[in-house]
Amino acid sequence: MQEKHTMPAPARHYFWNDPDKRALVFQIIVTVAILGLAFVVVENTLSNLEKRGITTGFDFLSQESGFGIIQSLVEYDETHSFGKTFIVGLLNTILVSVLGIILATVVGFLVGVGRLSNNWLVARVCGAYVEIFRNIPLLLQILFWYFAVLRTLPSPRQSLDLYDTFFLNIRGLYIPAPIFQEGAIWIGVALLLAIASVWVIKRWAEQRQLASGKTFPVFYTAAVIVIGLPLLAWFMTGQPVHWEVPALKGFNFRGGYAVIPELCALLIALTLYTASYIAENVRSGIEAVNKGQTEAAFALGLPKSRTMQLVIIPQAMRVIIPPLASQYMNLIKNSSLATAVGYPDLVAVFAGTTLNQTGQAVEIILITMSVYLLMSLLVSLLMNMFNKKMALAER
Amino acid sequence: MMTSVNNAEMAGSDSAMIELRKLNKWYGDFHVLRDIDLTVRKGERIVICGPSGSGKSTMIRCINRLEEHQQGDIIINGREMTNDLKDIEQVRMEVGMVFQHFNLFPHLTVLENCTLAPIWVRKQPRKEAEAIAMQYLERVRIPDQADKYPGQLSGGQQQRVAIARSLCMNPQVMLFDEPTSALDPEMIKEVLDVMVELANEGMTMLCVTHEMGFAKTVADRVIFMDEGQIVEENEPESFFNNPQSERTKLFLSQILQH
Ligand SMILES: Nc1ncnc2c1ncn2[C@@H]1O[C@H](COP(=O)(O)OP(=O)(O)OP(=O)(O)O)[C@@H](O)[C@H]1O
Ligand SMILES: [Mg+2]
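Chain order of the listed sequences is G and L. Residues in the first sequence are numbered from 17 upward in steps of one, following our numbering. Residues in the second sequence are numbered from -4 upward in steps of one, following our numbering.
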């Protein structure tokens, strides 16, 4: 006890020597600085706007827009509000993004696996694809597909056609559209029924494998049921769904769906560009799996396809998914290049036309940025969940 | 299951399990295997040794077609190895292999590692495959690790899992490619013990190893390879005590030094 008093006094603890406290202080300083800066900017902008007599607030969203949009997934014309304009733009952005993500993933995986093919030609073609599309600016690619390819197509009268059902001309791509009549609901019911029974069959097949080792061709059976049942329902309910094939009436096509060339160009460019990056991710993911894994699987007698499916891909996925998420986000953000060819996406109709007409830059830019932020966060969230699921398989 | 019938004398010399005839292989211009002739009878235990780069791995990897040979014949259990995928898969089902670096599947548990091939290749019911796998895991003395992932095991344990995984396919022959050279000394013994047990049960084995103690206890024959050729082969007794060629003598003096 005595000795304790004679011991040298402990060195004084300054709080800035404590990493935790120091970090806290820095965080407070940074937060205050950012808030202060934001306050100054908003203050300044508001007073500037006021001085120039520009209205602020979100009232403009209910005003009549006064302009039409060439593609709209919901009912829309110039008598609708700017709020509706926003919805139309948002849906158009979502449309091209979702289609782009699906197509880019499919193309990316095919090309990525193709690059590793033993077939010299396939590997080379896939390699060339990646090098070309990755190294040309995306904007240039969009302009290429729009102006150099789609805008040089013949007029509707000289359309390129496939079996007289699909038509491609300078006005866009025309594809058949389903027309639903009374009774068509039963086809939907049949489809749901088919999906349910496939689920049951899958469970049954798993049970049977457990018990007897016999495998069941679930995939083919599922394919037959999912196609067969709705088809049967279609016949039995008197064929209530028809395909309306586009037909040339006067100077243009009527009927079917018309895919405007702006969407085609943007979609093709986004897909091919993003797919080239995804292909690289897939390739490096597969290459990251140790060669010994393939050899061990082969040595056990697993055929090549099963080795891919059961051993290589599950391990590669953990390397592929994180960069895949950022490619998806890039695609969504890159879709705003739509403006270049006049595809009416969110940026074009809202941060473009609407902003020009109302002048309410702050609100509109804020809304638009928030929307992109939200979409990116959503993708990130979904991919994180997926990643967790794959990662759990390891440990 | 494995037969407990002990060994080479019982199986007549006509019951060759593996036959390599005038096997030749090149990597580009490099002649890795030169006129290899080798017959392995049922139940025979063979140890292959030789300096690094002499083609030991290449030779045993030709047997299950992890490497393709260019000349000569490989006949396994009466089946000639051709380019036919069905032949190759059949041979691979009958020939187990253990690698230097274990090559367990890291995304699957120990048990799943052991049941993957029986379920997908042998089409065994999962329950049955799991029961068999547990038997083998017991034999290699790690049944309690069945639900762990390979990354959670020591090297010695991983190698024993790898042996169990091969055995689950009920192979006729086991190939070992330096199964202990990636292990810390204290783990070598636990793996060798398992291999000795396997040998005593009458498994046909081809084992590339420099563990001379193992060779002396279980091998029926020791084969010495150098520069892609089988330079010398003999019973362990004569091989170690009375090597014929200069190269063998040099090699033995080198490895017996430490
Ligand atoms: N894929 C390949 N391409 C070119 N050369 C190769 C290849 N694989 C092996 N070789 C060469 O073939 C020779 C034999 O290799 P192998 O792996 O069979 O030797 P080893 O006897 O097993 O040697 P170690 O004791 O080092 O494992 C070596 O010289 C090696 O460099
Ligand atoms: Mg080797």
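Hints are computed from structural coordinates only; laboratory data are not their basis. Each hint should be verified, as a subset may be incorrect.
[Unchecked claim] Cut-off 27 Å, straight-line C-alpha distance, at most; resulting in silico cross-link-like pairs (DSS-like, lysine-lysine): (1) Lys143/L / Lys404/G; (2) Lys218/G / Lys230/G; (3) Lys307/G / Lys122/L; (4) Lys244/L / Lys320/G; (5) Lys405/G / Lys307/G.
Note that the structure is a prediction, hence the values are computed from the model and not measured.
* Asked: Going back to the hint list, which numbers does this structure go against?
  -> When the structure is compared with the hints, numbers 3 and 4 turn out to be violated.
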